[in-house]
Amino acid sequence: NAGVTQTPKFQVLKTGQSMTLQCAQDMNHNSMYWYRQDPGMGLRLIYYSASEGTTDKGEVPNGYNVSRLNKREFSLRLESAAPSQTSVYFCASSGHQLGQGNSPLHFGNGTRLTVT
Amino acid sequence: AQSVSQHNHHVILSEAASLELGCNYSYGGTVNLFWYVQYPGQHLQLLLKYFSGDPLVKGIKGFEAEFIKSKFSFNLRKPSVQWSDTAEYFCAVNQLGYGGSQGNLIFGKGTKLSVKP
Numbered sequence: 008n009a010g011v012t013q014t015p016k017f018q019v020l021k022t023g024q025s026m027t028l029q030c031a032q033d034m035n036h037n038s039m040y041w042y043r044q045d046p047g048m049g050l051r052l053i054y055y056s057a058s059e060g061t062t063d064k065g066e067v068p069n070g071y072n073v074s075r076l077n078k079r080e081f082s083l084r085l086e087s088a089a090p091s092q093t094s095v096y097f098c099a100s101s102g103h104q105l106g107q108g109n110s111p112l113h114f115g116n117g118t119r120l121t122v123t
Numbered sequence: 053a054q055s056v057s058q059h060n061h062h063v064i065l066s067e068a069a070s071l072e073l074g075c076n077y078s079y080g081g082t083v084n085l086f087w088y089v090q091y092p093g094q095h096l097q098l099l100l101k102y103f104s105g106d107p108l109v110k111g112i113k114g115f116e117a118e119f120i121k122s123k124f125s126f127n128l129r130k131p132s133v134q135w136s137d138t139a140e141y142f143c144a145v146n147q148l149g150y151g152g153s154q155g156n157l158i159f160g161k162g163t164k165l166s167v168k169p
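Sequences listed follow chains X and A, in order.
Just so we're aligned: the first sequence equals residues 8 to 123 in my numbering.
Just so we're aligned: the second sequence equals residues 53 to 169 in my numbering.
No wet-lab data here; the hints were simulated from the structure.
Ideal Cβ placement from N, Cα and C applies to all residues, glycine included.
Check the hints yourself; a few may be wrong.
Here are the computed lysine-lysine pairs in the DSS-like style, where the Cα-Cα straight-line distance is at most 30 Å [unchecked claim]:
| no. | chain 1 | residue 1 | chain 2 | residue 2 |
| --- | --- | --- | --- | --- |
| 1 | A | Lys164 | X | Lys16 |
| 2 | A | Lys123 | X | Lys16 |
| 3 | A | Lys161 | X | Lys21 |
| 4 | A | Lys101 | X | Lys64 |
| 5 | A | Lys113 | X | Lys16 |
| 6 | A | Lys113 | A | Lys130 |
| 7 | X | Lys16 | X | Lys78 |
| 8 | A | Lys130 | A | Lys161 |
| 9 | X | Lys78 | A | Lys101 |
| 10 | X | Lys16 | X | Lys64 |
| 11 | X | Lys64 | A | Lys130 |
| 12 | A | Lys110 | A | Lys168 |
| 13 | A | Lys130 | A | Lys164 |
| 14 | X | Lys64 | A | Lys161 |
| 15 | A | Lys161 | X | Lys16 |
Some chain A residues close to chain X (C-beta under 7 Å, calculated; not the full set) [claimed, not checked]:
| no. | residue |
| --- | --- |
| 16 | Phe86 |
| 17 | Tyr91 |
| 18 | His95 |
| 19 | Leu96 |
| 20 | Leu98 |
| 21 | Gly160 |
| 22 | Gly162 |
| 23 | Lys164 |
| 24 | Lys168 |
Derived Cβ-Cβ restraints for the label pairs, each shown as a range [what the hints assert, rightly or not]:
| no. | chain 1 | residue 1 | chain 2 | residue 2 | range |
| --- | --- | --- | --- | --- | --- |
| 25 | X | Lys64 | A | Ser57 | 34 to 44 Å |
| 26 | X | Asp63 | A | Lys168 | 40 to 50 Å |
| 27 | A | Ser122 | X | Ser25 | 46 to 56 Å |
| 28 | X | Met48 | A | Val63 | 12 to 22 Å |
Produce the complete structure using the sequences and hints provided.
Rendered as structure tokens:
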């Protein structure tokens, strides 16, 4: 039982390059999330998908796009990477939409992205 | 704006010392409350949660937290810490009925705990 799987684990990009972070969960969860974690800032929500076929902006969506490919997969894309996007990115899933059920988040292992 | 405050940025303790990490939130309605732990180089893991009922919640590894509604607080405690408890601890508050399908889960900025052997 893998839980939430993220790829890649590490990535170095040059400014202006693009990339996609992949996330998949095998817990049949409805909701999936992308967070970024920066020192002293805690976790900030980038985008979320409350259910298959829907996506919504979180607190810091600028510079990112997402795709909920199916119930299992939720990808995050950086179209033109900037140094300000250097961060650790975490994907998470939950059984219910937050606020509508008693379901904590299950996190992936993270992707450490450096943009030079 | 709604917020979650963790007052201690970095706490340093010796083994066997008692631990209390503060968490306060600003939302006046119904909340679900969580503590997550992040061990060095790892992802966040759920430590404990409060949804309803007994305000004293027991989690894994001897941790507990007490929800005090009148103080908008959900402090994390452990009577005797171990070196292996060295990690970063995040409080999170889910504001029920806030609006929007997200339900507005807000994380605190985290408290780093260093336990000296």
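How the hints compare with the structure:
Between the alpha carbons of Lys164(A) and Lys16(X) the distance comes to roughly 23 Å, so the proposed pair stays at or under 30 Å and holds. For the hint linking Lys123(A) to Lys16(X), the alpha-carbon distance of about 40 Å lies beyond 30 Å, and the restraint is violated. Restraint check: the Cα-Cα separation between Lys161(A) and Lys21(X) comes to about 28 Å, which is no more than 30 Å; the hinted pair holds. With a C-alpha separation of about 26 Å, the suggested pairing of Lys101(A) with Lys64(X) holds against the 30 Å cut-off.
Taking the CA atoms of Lys113(A) and Lys16(X), the gap is near 28 Å; set against the 30 Å cutoff, the hint holds. Proposed proximity of Lys113(A) and Lys130(A) is supported: the alpha carbons are some 9 Å apart, at most 30 Å. This hinted pair checks out: Lys16(X) and Lys78(X) have alpha carbons roughly 22 Å apart, not beyond 30 Å. For the given pair, Lys130(A) sits about 20 Å from Lys161(A) by alpha-carbon distance, which is consistent with the 30 Å threshold.
Among the hinted pairs, Lys78(X) with Lys101(A) is consistent with the structure: their alpha-carbon atoms are about 26 Å apart, no more than 30 Å. A C-alpha spacing of about 24 Å is found between Lys16(X) and Lys64(X), which places the hinted pair at or below 30 Å, so the restraint holds. A hinted pair counts as satisfied when its Cα atoms are at most 30 Å apart, and Lys64(X) with Lys130(A) does not qualify at roughly 37 Å. Restraint check for Lys110(A) and Lys168(A): satisfied, since their Cα atoms lie roughly 24 Å apart, inside the 30 Å limit.
Taking the CA atoms of Lys130(A) and Lys164(A), the gap is near 15 Å; set against the 30 Å cutoff, the hint holds. Restraint check for Lys64(X) and Lys161(A): the C-alpha separation of about 20 Å stays at or below 30 Å, so the hint holds. For the given pair, Lys161(A) sits about 23 Å from Lys16(X) by alpha-carbon distance, which is consistent with the 30 Å threshold. Taken as an interface hint, Phe86(A) checks out: its beta carbon lies about 6 Å from the nearest beta carbon of chain X, inside 7 Å.
Taken as an interface hint, Tyr91(A) does not check out: its beta carbon lies about 12 Å from the nearest beta carbon of chain X, beyond 7 Å. The criterion of a C-beta within 7 Å of any C-beta in chain X is met by His95(A), whose closest approach is roughly 4 Å, and the hint holds. For Leu96(A), the interface hint holds, since its Cβ comes within 7 Å of a Cβ in chain X; the closest pair sits about 5 Å apart. Taking 7 Å as the C-beta cut-off, the interface hint given for Leu98(A) holds, the closest approach to chain X being about 5 Å.
At a threshold of 7 Å, the smallest CB-CB gap from Gly160(A) to chain X is about 6 Å, leaving the interface hint in force. The restraint placing Gly162(A) at the interface with chain X holds, with a minimum CB-CB distance near 5 Å, inside the 7 Å limit. Proximity of Lys164(A) to chain X is violated relative to the hint, the smallest CB-CB distance being about 10 Å (cut-off 7 Å). At about 22 Å, the closest approach between the beta carbon of Lys168(A) and any beta carbon in chain X exceeds 7 Å, and the interface hint on this residue is violated.
Between Lys64(X) and Ser57(A) the Cβ separation comes to about 24 Å, which falls outside the hinted range of 34 to 44 Å. The hinted window of 40 to 50 Å between Asp63(X) and Lys168(A) holds, with their beta carbons roughly 44 Å apart. A beta carbon spacing of about 50 Å between Ser122(A) and Ser25(X) agrees with the range 46 to 56 Å that was offered as a hint. Checked against the hint of 12 to 22 Å, the C-beta distance between Met48(X) and Val63(A) comes to roughly 19 Å, which is consistent with it.
Violated hints for the displayed structure, listed by number in ascending order: 2, 11, 17, 23, 24 and 25.
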